[in-house]
Amino acid sequence: MLQAIGVGSIDALFAAIPAQFRLSRPLALPPALTELELTRHMATLAERNVHADQRVCFLGGGSYDHFVPAVVDALASRGEFYTSYTPYQPEVSQGTLQAMFEYQTLICRLTGMDVSNASLYDGGTAAVEAVLMAMSVTRRESKVVVAGGVHPEYRQVLRTYLAGLETECVPVGAGQGSTDLETLAAAVDDRTACVLIQHPNFFGCLEDVAAAARIAHDAGALLVQAFDPISLGLLKRPAELGADIAVAEGQALGTPMLFGGPYLGIMACREQFLRRLPGRIAGQTTDRRGQPCWVLTLQTREQHIRRDKATSNICTNQGLIALRAAIYLSALGPQGLRETAELCLQKARYAAAQITAGERFELAFDRPTFKEFVVRSRAGGVERLLAQASAAGSLAGVPLGRWYPELSDCFLVAVTEKRTREEIDALAQCLREATGVVSPHPNG
Amino acid sequence: MRNTQAVHSLFELSKSGRRAARLPVCDVPQQPSAETVPADWLADAPPPLPEIAEPDLVRHFTNLSTLNMSVDTHFYPLGSCTMKYNPKRNERLSALPGFADLHPYQPEDTLQGLLQLLFELQQMLGEIAGLPAVSLQPAAGAHGELTALMVAAAYFRDVGQRRTKVLAPDSAHGTNPASARMAGFETVTVRSTAGGAVDLDDLRGKLDERIAVFMITNPNTLGLFDGQVGQIADWVHARGGLIYLDGANMNAILGVTRPGDFGADMMHFNPHKTFSGPHGGGGPGAGPICVTEKLGAYLPAPVVACDGGRYRLDAERPKSIGRVRSFFGNVGVLIRAYCYLRTHGPEGLRAVAENAVLNANYLLSRVQHILPVPQGDRCMHEFVASAAALKKAKGVTAMDLAKRLLDEGFHAPTVYFPLTVPEAMMIEPTETESKETLDAFAAALWRLTEEEPEALHDAPHTTPVSRPDEVQAARKPVLRWNAD
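Going line by line, the protein sequences match chains A and B. Numbering follows my numbering, with no gaps: position 444 of the first sequence is 441. Remember, my numbering sits 25 above the position in the second sequence when you count from 1.
For the record, the hints were derived by calculation from the structure and aren't laboratory data. A couple of the hints might just be wrong.
Each computed SDA-like pair below joins lysine to any residue, with the alpha-carbon atoms no more than 20 angstroms apart [claimed, not checked]:
id, chain 1, residue 1, chain 2, residue 2
1, B, K501, A, D284
2, B, K460, A, Q0
3, A, K415, B, D52
4, B, K344, A, R399
5, A, K306, B, G334
6, B, K344, B, T317
7, B, K190, A, L162
8, B, K113, A, P149
9, B, K113, A, L159
10, B, K344, A, L159
11, B, K190, A, R303
12, A, K306, B, D195
13, A, K306, B, E211
14, B, K501, A, D111
15, A, K415, B, R47
16, B, K344, A, P149
17, A, K306, B, G199
18, A, K233, B, A70
19, B, K113, A, G76
20, B, K113, A, D70
21, B, K344, A, A160
22, B, K113, A, L33
23, B, K113, A, Q0
24, B, K113, A, R37
Over 12 angstroms on every C-beta distance to chain A, these chain B residues come out as not near it, computed from the model [unchecked claim]:
id, residue
25, M26
26, L225
27, R235
28, R264
29, T317
30, E318
31, P343
32, L383
33, K419
34, T422
35, P447
36, E477
Note that beta-carbon positions come from the ideal geometry of N, C-alpha and C, so glycine has one too.
Based on the provided sequences and hints, a complete structural model is requested.
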């Protein structure tokens, strides 16, 4: 090969790199491992973690221990799906493109919206992209209003993205567990691009999205709702509630928790906002033989064509995770999704009752909730409680103090369809025992 | 032989009453939903998802998958994408429950193995980059670019300098100016010379104290190492600006040179390119960034820290730009990158670069007898051929060649990028292809240029569908399935 190229050594091929920049030593990295050695090493590292089969997971806050049916892994692990490229050559990518189109359709059906993109990175960046989109659509760049029940990390991401843009980000408190509508109405004016609200919110509390939508629309602003995909098995859809743009974290739809990623940013909107929707979109058309087929479309919104005028800089998205979501939603179907949501609702309600049966704990908020709820430890000591519960076999909840100083005596508990009565009873018991208080045994 | 029924849409396959997944009976005492949730907030019926039995679901998606080309099935000489082999061991190991079934808010004492892995990955990436401060948070290359530009913006604000502009070459990937705008900067384009390098005269004229960052890809999008990079870095630094290296082309220089050594202050990696992460049909990827010590203070929080063998998430970073996404990062992708780096070690990574460059130069030496390669007869890991002369002579375009290559059993190269070469075909073989594959590709390309133009204009002929009407798709968008 060197002969064909016309050089004497591989080194000669690097001649363009000035000598002063060439490394004169090997990279200081650990030496190569065979597959056997790597496997052993990774097993050692994995064993130093405690995973959800070893300690029962009641953690939520946007990432959940939901059940993933075997078909999802079986299909998504096909090499033709996961080692294929972005479908820029549609003739050889109809598998990916049709799956994207089906995913988009499923999201539209889930949310009641007219159009969905083919994914963004995660729920947080999806929420931010929706806010930026609302600013562009309304041509109001100076102010957005954000409900306090929106995931604190989504709000942090929004602050980061808006830092360079001089956009005022006005928070509205959710001190009682859900957004105070009077405060919201006072905050929204004709400079407001959108109201961003999450329902169910970060505390698991339900919000009056329809009322928030009315407030936003009266001021000419858009309503962006962040939703929980599983909750839509039971709750009214974002479109029905008056949302203009709906965003979500899609991890719950068939993807493991993976310490936070790769996840799935879901984004869908009403027809009239289509041209400002960021991200890739698959569209249906026909080929030269008149057959239906699919292509990436409306690419003039995207960076590879519009560059600095693009709706977003996004290129690689979360294609395979969207595929998993499509398989999951199809495997569950309407009944399966409803039943999953029902189980989450009932089991969480039962868990809340069990945990708060004694004197030690109370629900922080007096609001309807879905799948998650906030528990207050009347005598504080949340970190110690949770550590003891963990040692006893339950990852009992997420302490809220790091995001909400006023809630440092509280923790967030999530109960999915995977949690059994035994696990919930054990949780309630180990929380009671962690405090040193023994209360009368509750009977359902 | 095709199963045409199975690839009807899910919504056509749907039959009322069918389902795949069943849920267990509720084992806790139940209350009617309407007593827990205000009736007004409950939907009348669940969303109209398709109703499909499991065997049909499996047959549907399995058949769909067979309509794809993929690295597992085909050679993908896509310039700028680095479509190398995706090792199966990485798939198996990243899926271990001890990695996959970890909640992002678990307490740190239950995460020591993962945190160690992520800490080591930070260090390895810092070593490869020659830039010690690392964030694993960004979710993709473009996200990494945006994050780095935000870091730069925060730095300049902190030192009281008002800088509003970013410089990028005309050959830059579209994400560069798009990211700059999202970070609040205006992009100023710098011209390239005929040879594809940065035009230093043009650069000199555009450099001023308003320039925050010069975004460079090196090797550039022509696959050439721009040896002027030292000079460029000196000039930009002299004006108080920073150099950002788009790391999409790192495959050419792993272990040979390091961005931090040739003047970069910030860079991003594409683990789904350079470090063998699978492309997933459009992601997920990741976009870790590496910056100088000085800029490290502004990185997104948290980063993984180690105190005497104990690993933790360090969120106490007062100058941090904050978060650019929820949760830690695309950990599943990062674990695969870690496996890749541990598999190769220092000699292995250098061999990756050497073989990537060898393969590209060999293929160039074959292709240049078929199509002009304007940059000359050397390249790094990729090169750009031009079909402009062929278009003039026979009316055959880069698009036609790309489509006909599909019939030949090859994915097409990247076409019409970079914008600086007319009828561009950017070819990157990667190091995981054998000489036989490269020869077969060159032979196929030769055959195509000898064919009658008609065969090419109507290509592809043997793929599941022929050329889609993209104009119709954009003019009358149909973006979800409808019964009609």
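Tested hints:
no.: 1; hint: B/K501 to A/D284; in the structure: holds, 15 angstroms
no.: 2; hint: B/K460 to A/Q0; in the structure: holds, 13 angstroms
no.: 3; hint: A/K415 to B/D52; in the structure: holds, 11 angstroms
no.: 4; hint: B/K344 to A/R399; in the structure: holds, 18 angstroms
no.: 5; hint: A/K306 to B/G334; in the structure: violated, 47 angstroms
no.: 6; hint: B/K344 to B/T317; in the structure: holds, 15 angstroms
no.: 7; hint: B/K190 to A/L162; in the structure: holds, 14 angstroms
no.: 8; hint: B/K113 to A/P149; in the structure: violated, 37 angstroms
no.: 9; hint: B/K113 to A/L159; in the structure: violated, 40 angstroms
no.: 10; hint: B/K344 to A/L159; in the structure: holds, 16 angstroms
no.: 11; hint: B/K190 to A/R303; in the structure: holds, 18 angstroms
no.: 12; hint: A/K306 to B/D195; in the structure: holds, 15 angstroms
no.: 13; hint: A/K306 to B/E211; in the structure: holds, 11 angstroms
no.: 14; hint: B/K501 to A/D111; in the structure: holds, 14 angstroms
no.: 15; hint: A/K415 to B/R47; in the structure: holds, 13 angstroms
no.: 16; hint: B/K344 to A/P149; in the structure: holds, 19 angstroms
no.: 17; hint: A/K306 to B/G199; in the structure: holds, 10 angstroms
no.: 18; hint: A/K233 to B/A70; in the structure: holds, 9 angstroms
no.: 19; hint: B/K113 to A/G76; in the structure: holds, 10 angstroms
no.: 20; hint: B/K113 to A/D70; in the structure: holds, 14 angstroms
no.: 21; hint: B/K344 to A/A160; in the structure: holds, 13 angstroms
no.: 22; hint: B/K113 to A/L33; in the structure: holds, 13 angstroms
no.: 23; hint: B/K113 to A/Q0; in the structure: violated, 34 angstroms
no.: 24; hint: B/K113 to A/R37; in the structure: holds, 16 angstroms
no.: 25; hint: M26; in the structure: holds, 16 angstroms
no.: 26; hint: L225; in the structure: holds, 15 angstroms
no.: 27; hint: R235; in the structure: holds, 15 angstroms
no.: 28; hint: R264; in the structure: holds, 21 angstroms
no.: 29; hint: T317; in the structure: holds, 16 angstroms
no.: 30; hint: E318; in the structure: holds, 17 angstroms
no.: 31; hint: P343; in the structure: holds, 14 angstroms
no.: 32; hint: L383; in the structure: violated, 6 angstroms
no.: 33; hint: K419; in the structure: holds, 21 angstroms
no.: 34; hint: T422; in the structure: holds, 15 angstroms
no.: 35; hint: P447; in the structure: holds, 17 angstroms
no.: 36; hint: E477; in the structure: holds, 18 angstroms
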